[in-house]
Amino acid sequence: MPVKRILEIDPLDRPREKIEKKGASSLKDYELIAAILGMGTKKSDVLSVSRKVSELITKDEFPGYEKLLEIDGIGKSKAALLMACFEFTRRYGNPASIESIRITEPDHICQIPEIMNLRNKNQEHFLCTTLNGASEVIATRTITMGLLNHSLVHPREVFADAITDRAAGIICVHNHPSGNPEPSMEDIKVTRQLFEAGSILGINLIDHLIITKGGINSLRSLGYL
Numbered sequence: 002m003p004v005k006r007i008l009e010i011d012p013l014d015r016p017r018e019k020i021e022k023k024g025a026s027s028l029k030d031y032e033l034i035a036a037i038l039g040m041g042t043k044k045s046d047v048l049s050v051s052r053k054v055s056e057l058i059t060k061d062e063f064p065g066y067e068k069l070l071e072i073d074g075i076g077k078s079k080a081a082l083l084m085a086c087f088e089f090t091r092r093y094g095n096p097a098s099i100e101s102i103r104i105t106e107p108d109h110i111c112q113i114p115e116i117m118n119l120r121n122k123n124q125e126h127f128l129c130t131t132l133n134g135a136s137e138v139i140a141t142r143t144i145t146m147g148l149l150n151h152s153l154v155h156p157r158e159v160f161a162d163a164i165t166d167r168a169a170g171i172i173c174v175h176n177h178p179s180g181n182p183e184p185s186m187e188d189i190k191v192t193r194q195l196f197e198a199g200s201i202l203g204i205n206l207i208d209h210l211i212i213t214k215g216g217i218n219s220l221r222s223l224g225y226l
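124 is the number that my numbering gives to position 123 of the sequence shown; each next residue is one higher, with no gaps.
Hints are supplied without guarantee of correctness; some may be wrong.
Pairwise CB distance ranges (calculated) [to be verified]:
(1) GLU67 <-> GLU183: 20 to 28 Å
(2) GLY39 <-> TYR66: 24 to 32 Å
(3) LEU82 <-> ARG103: 47 to 55 Å
(4) ASP30 <-> GLU67: 40 to 48 Å
(5) GLY216 <-> LYS60: 34 to 42 Å
(6) GLU67 <-> SER185: 35 to 43 Å
(7) GLN194 <-> GLN124: 18 to 26 Å
(8) GLY39 <-> SER185: 41 to 49 Å
(9) ILE164 <-> THR59: 21 to 29 Å
(10) GLU137 <-> GLY203: 13 to 21 Å
(11) ILE201 <-> GLY24: 32 to 40 Å
(12) ASP61 <-> LEU202: 32 to 40 Å
Note that these hints are calculated values from the structure, not bench results. Being a predicted model, the structure only gives us computed values, none of them experimental. Beta carbons: idealized from backbone N, C-alpha and C, even for Gly.
Make the full structure from the sequences, and use the hints.
Here it is, written out as structure tokens:
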């Protein structure tokens with residue numbers, strides 16, 4: 002099928018023109034993505050690329066950078082643009098509902114979209130959720146990506162935002178793409194290091210959770226906290 006340039010599409014069907022005439026709510030998901038991307042490549046027109054991105058988002062709400070690069074027609078620039086859109090959505094999409102989440106059991110953490118999406122990540126991500134004195138979520142942030150070790154997950158990085166948030170406690174979460182829910186020796190070492198730092202700062206490390214497609218494992222429940 003020949004590639005159709007955006008200027009060759011009927012003006013009434015061009016995503017950005019449709020926004021101007023009918024508003025963004027009139028666009029289908031892939032058309033919204035096309036409006037963001039602007040143009041395709043020599044091999045793939047923007048609507049075809051956008052359909053593939055839309056299909057990926059259906060499977061994984063916030064796909065990672067590397068996953069986006071697997072799509073023909075998505076290079077580093079477009080992947081970075083989409084990642085910025087995802088992050089903006091995380092921060093401002095529905096803040097009121099996130100702030101109302103109260104964490105009293107380990108599995109309650111999965112009410113947070115960023116945490117739930119860790120199950121589908123092919124790379125390890127370490128996230129920190131800050132909570133107030135009533136165990137209500139203040140914010141969730143990615144601390145690091147890549148293999149977990151004590152040099153990458155430094156207490157300074159973990160507790161910096163917790164101090165800014167005036168948090169009473171934090172819950173740390175990371176995923177095991179392998180599917181093995183058991184903590185490694187490095188996981189245990191990081192947990193104890195963070196617990197000691199939190200004790201000094203007066204910010205309680207409530208739990209450190211390992212998340213896989215099969216569920217959640219709590220290092221507190223295992224006796225490491």
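For this structure, which hints from the list above don't hold up?
Numbers 2, 3, 4, 5, 6, 9 and 11, in rising order.
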